[in-house]
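Chemist: Please arrange chain S on chain V, whose structure you already have, making use of the hints.
2 protein chains.
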Amino acid sequence: MEKITVSIVTIGDELLIGQTIDTNSAWMAQELNAMGIWVHRRVAIGDIREDILAVLAAEAALSDVVLMTGGLGPTADDITKPTLCEYFNTRLVQDRETLQRVLHMFESRGLPILQRNVDQSLVPEAATVIPNLRGTAPGMWFEREGKIYVSMPGVPHEMKGIMESYVLPRLEAHFRTPAVVHHTLITSGMGESFVAERLVDFEAKLPPHIKLAYLPSYSLLKLRLTALGKDKLSTATELSLYFTELRERLADIAVADSDISMGEVLGQLLLKRNKTVGTAESCTGGLISSWITAISGSSAYFKGSTVTYSNDMKMKLLGVKQATLMAHGAVSEETVREMLAGALDVLEVDYAIAISGIMGPTGGSEEKPVGTVWIAVGNREKSVTVKYHLRYDRERNTQMAAVYAMNELRKLILELEPEGLN
Amino acid sequence: MEKITVSIVTIGDELLIGQTIDTNSAWMAQELNAMGIWVHRRVAIGDIREDILAVLAAEAALSDVVLMTGGLGPTADDITKPTLCEYFNTRLVQDRETLQRVLHMFESRGLPILQRNVDQSLVPEAATVIPNLRGTAPGMWFEREGKIYVSMPGVPHEMKGIMESYVLPRLEAHFRTPAVVHHTLITSGMGESFVAERLVDFEAKLPPHIKLAYLPSYSLLKLRLTALGKDKLSTATELSLYFTELRERLADIAVADSDISMGEVLGQLLLKRNKTVGTAESCTGGLISSWITAISGSSAYFKGSTVTYSNDMKMKLLGVKQATLMAHGAVSEETVREMLAGALDVLEVDYAIAISGIMGPTGGSEEKPVGTVWIAVGNREKSVTVKYHLRYDRERNTQMAAVYAMNELRKLILELEPEGLN
Numbered sequence: 003m004e005k006i007t008v009s010i011v012t013i014g015d016e017l018l019i020g021q022t023i024d025t026n027s028a029w030m031a032q033e034l035n036a037m038g039i040w041v042h043r044r045v046a047i048g049d050i051r052e053d054i055l056a057v058l059a060a061e062a063a064l065s066d067v068v069l070m071t072g073g074l075g076p077t078a079d080d081i082t083k084p085t086l087c088e089y090f091n092t093r094l095v096q097d098r099e100t101l102q103r104v105l106h107m108f109e110s111r112g113l114p115i116l117q118r119n120v121d122q123s124l125v126p127e128a129a130t131v132i133p134n135l136r137g138t139a140p141g142m143w144f145e146r147e148g149k150i151y152v153s154m155p156g157v158p159h160e161m162k163g164i165m166e167s168y169v170l171p172r173l174e175a176h177f178r179t180p181a182v183v184h185h186t187l188i189t190s191g192m193g194e195s196f197v198a199e200r201l202v203d204f205e206a207k208l209p210p211h212i213k214l215a216y217l218p219s220y221s222l223l224k225l226r227l228t229a230l231g232k233d234k235l236s237t238a239t240e241l242s243l244y245f246t247e248l249r250e251r252l253a254d255i256a257v258a259d260s261d262i263s264m265g266e267v268l269g270q271l272l273l274k275r276n277k278t279v280g281t282a283e284s285c286t287g288g289l290i291s292s293w294i295t296a297i298s299g300s301s302a303y304f305k306g307s308t309v310t311y312s313n314d315m316k317m318k319l320l321g322v323k324q325a326t327l328m329a330h331g332a333v334s335e336e337t338v339r340e341m342l343a344g345a346l347d348v349l350e351v352d353y354a355i356a357i358s359g360i361m362g363p364t365g366g367s368e369e370k371p372v373g374t375v376w377i378a379v380g381n382r383e384k385s386v387t388v389k390y391h392l393r394y395d396r397e398r399n400t401q402m403a404a405v406y407a408m409n410e411l412r413k414l415i416l417e418l419e420p421e422g423l424n
Numbered sequence: 003m004e005k006i007t008v009s010i011v012t013i014g015d016e017l018l019i020g021q022t023i024d025t026n027s028a029w030m031a032q033e034l035n036a037m038g039i040w041v042h043r044r045v046a047i048g049d050i051r052e053d054i055l056a057v058l059a060a061e062a063a064l065s066d067v068v069l070m071t072g073g074l075g076p077t078a079d080d081i082t083k084p085t086l087c088e089y090f091n092t093r094l095v096q097d098r099e100t101l102q103r104v105l106h107m108f109e110s111r112g113l114p115i116l117q118r119n120v121d122q123s124l125v126p127e128a129a130t131v132i133p134n135l136r137g138t139a140p141g142m143w144f145e146r147e148g149k150i151y152v153s154m155p156g157v158p159h160e161m162k163g164i165m166e167s168y169v170l171p172r173l174e175a176h177f178r179t180p181a182v183v184h185h186t187l188i189t190s191g192m193g194e195s196f197v198a199e200r201l202v203d204f205e206a207k208l209p210p211h212i213k214l215a216y217l218p219s220y221s222l223l224k225l226r227l228t229a230l231g232k233d234k235l236s237t238a239t240e241l242s243l244y245f246t247e248l249r250e251r252l253a254d255i256a257v258a259d260s261d262i263s264m265g266e267v268l269g270q271l272l273l274k275r276n277k278t279v280g281t282a283e284s285c286t287g288g289l290i291s292s293w294i295t296a297i298s299g300s301s302a303y304f305k306g307s308t309v310t311y312s313n314d315m316k317m318k319l320l321g322v323k324q325a326t327l328m329a330h331g332a333v334s335e336e337t338v339r340e341m342l343a344g345a346l347d348v349l350e351v352d353y354a355i356a357i358s359g360i361m362g363p364t365g366g367s368e369e370k371p372v373g374t375v376w377i378a379v380g381n382r383e384k385s386v387t388v389k390y391h392l393r394y395d396r397e398r399n400t401q402m403a404a405v406y407a408m409n410e411l412r413k414l415i416l417e418l419e420p421e422g423l424n
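Heads up: the sequence lines are chains V and S, in that order. Sequential numbering of the first sequence, starting at 3, is according to this note's numbering. Sequential numbering of the second sequence, starting at 3, is according to this note's numbering.
By construction, these hints were calculated from the structure, which means they are not laboratory data. It cannot be assumed that every hint is accurate.
Since copy identity is lost for identical chains, a pair holds within one copy or between any two.
What the hints assert, rightly or not - With a cut-off of at most 16 angstroms between alpha-carbon atoms, the simulated EDC-like pairs for lysine to aspartate or glutamate come out as follows:
| hint | residue 1 | residue 2 |
| --- | --- | --- |
| 1 | 224 | 259 |
| 2 | 162 | 395 |
| 3 | 213 | 49 |
| 4 | 318 | 347 |
| 5 | 277 | 350 |
| 6 | 162 | 397 |
| 7 | 234 | 261 |
| 8 | 149 | 66 |
If you're wondering where the values come from, they're calculated on a predicted model, not measured in any experiment.
Bound conformation, chain V alone:
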């Protein structure tokens, strides 16, 4: 079984000066992995001719495929295409189909066409042109000395369109790829080293073609089993035996048995129980609500939320008592309890999440330092309140608070309604 390897090369100064976070590579790696192609290295370089030439030669020596993104925009600093011509010893020619597409795109939007837009249709003669249906810069496929090179624009949705419509299918056809199967268990409430300690003998008995990886993510820990095999079905069958054991061993801390977001975990629980949810958010400012609604179809169980940042709004929208706020403050067990009751009532939902805290960097006091968060989750019969002390920056504190709150609700739903409808 031959192992197919890819180097992902990202071209552009914006990644080297940190103005852009590279989300393309993660997506590409996931897609390639799913079809049994291994990303061996990822390299980011600037818009510099010598660096591009050097990286192409070096990565082609190490990997079977070199996938490039970036460096193809319409503005002047782009030097990728001339450098590709130099590397492949070819010249730029006009691709009529690309030109037609660019002209049509600008005409249909009523925009004038500039020379630099027309120039998007210039491609190295040695390349197979890959249509870009979402933008002006086409993708380009090269083969030389048994290696494959693909150049694509760096704009994420354009790159994804080119990968899905052309590059992935063609790579699959070109190589006899091994089967790769992943299965992820998400856990919560126990640190990486303690989980690892519980799995020492489990790990020891894994065969060499099955690997276990620990991937901490906020307050969660993802455990990913990966198996390599000859065909998908037998590999998946073998992996499922190990996954079942893993899930049984960690049943007390398991959150989900696939790699889904907390919004999806909650959504599935609610759907199966035909229940609805809403939130009353202070410190998370609507983040929990936005994560719940990030799931397509969430309107089946999500009705609405109130973001009550000021005390006035906590009173007006949720009916929190002024006396409660005066006596205990906005960040208190008493306040989140009343926020929860208000949310259940106002939003007319079966379950709700209420949260209030101090995310920092300012706003803390000796009694309630930055990072103090009160969470209440519940339905009309039962509610649970918990207090957390978060120790990170504002962004991370907010995201962790959101994950914790959603996880509290998950636990309560499972406690109150262990069985779903199917």
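Modeler: Leaving out everything else, chain S in the frame of chain V:
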């Protein structure tokens, strides 16, 4: 002026299989850039001995400094430290200070200590140990043959602590770094190629040590001027002349004259005018609200939001009329107008944003396809409604809709109140 170069090396399978998005590299690049150190290459490799050895040799040949993150966790798959010993021809020894810190960390949390936690205090003898105050794995600084190598854990806040407290100051002391000054103008409403066309002669007259980069980001375009010079003050002075011209040339499309988020842009406008804001969100599900509250101090101008996902909640919380919803639907100009009026009233704010749309992938119709979004922004005197057709996936549509809505409010505030209080 010597150019100091860094290679950032990320170690760990999770980046190669796409389970983790690399945010560390962008942060590191920003910090290094700010002190005049240039990131030359970024390379991600897996937890494989041969690959680690090869990348250390290759990157040290290309750059002055090799900054490594990852591969130092407490779980079994970590092979980075033994490989570092092999590369630097040294052996693992116990660092007493790290051991004390790890023991104390576990004791203070009432957790038992495992051998794998104790092993975190093993470090290559040739390394200068860098204390990690936020976790168990220390950083390690190596020097050999004029090159610097630093190994740090991959957990973002641990890496940041080690960089800020030790690595950045020590690199600054070690090198005579050039001054680097960036200044970013954010624009909206005009495509990259059209802006570039307007700036042809501006770009042509830029001296070689000043560069202009185009960085599209959702519906915005960031124009970043970067200058290299001998000292910070004279470099900044020179750059400011060019930046002023850039801003004047693009005054009609300028959104902000520094690299800040739309939440910060809006926040500054509101603060300067002593005005408040709230949102009535349907399709964005609280995202706009969470972006506004992501800014520390936002409680000065943000009171609250309603996320009204269902028609019932649009009526109940915002007073949208049933007749309006029946006649025009939830995604319509009439509905967002009533949502806006309701938000101004209910949230008791000076300005509000209302938004309703179909983010996909399902829910579209012939009349209202996926991507249709209606936005209303305004105060009690004036409101503006706009309709957009977004053409991307659910996540991107939602984020673009949020940026568009916030930008509409920005424009309206500037129209109604061109001058702030100071």
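Chemist: Which earlier hints turn out false for this structure, listed by number in ascending order?
Modeler: 7
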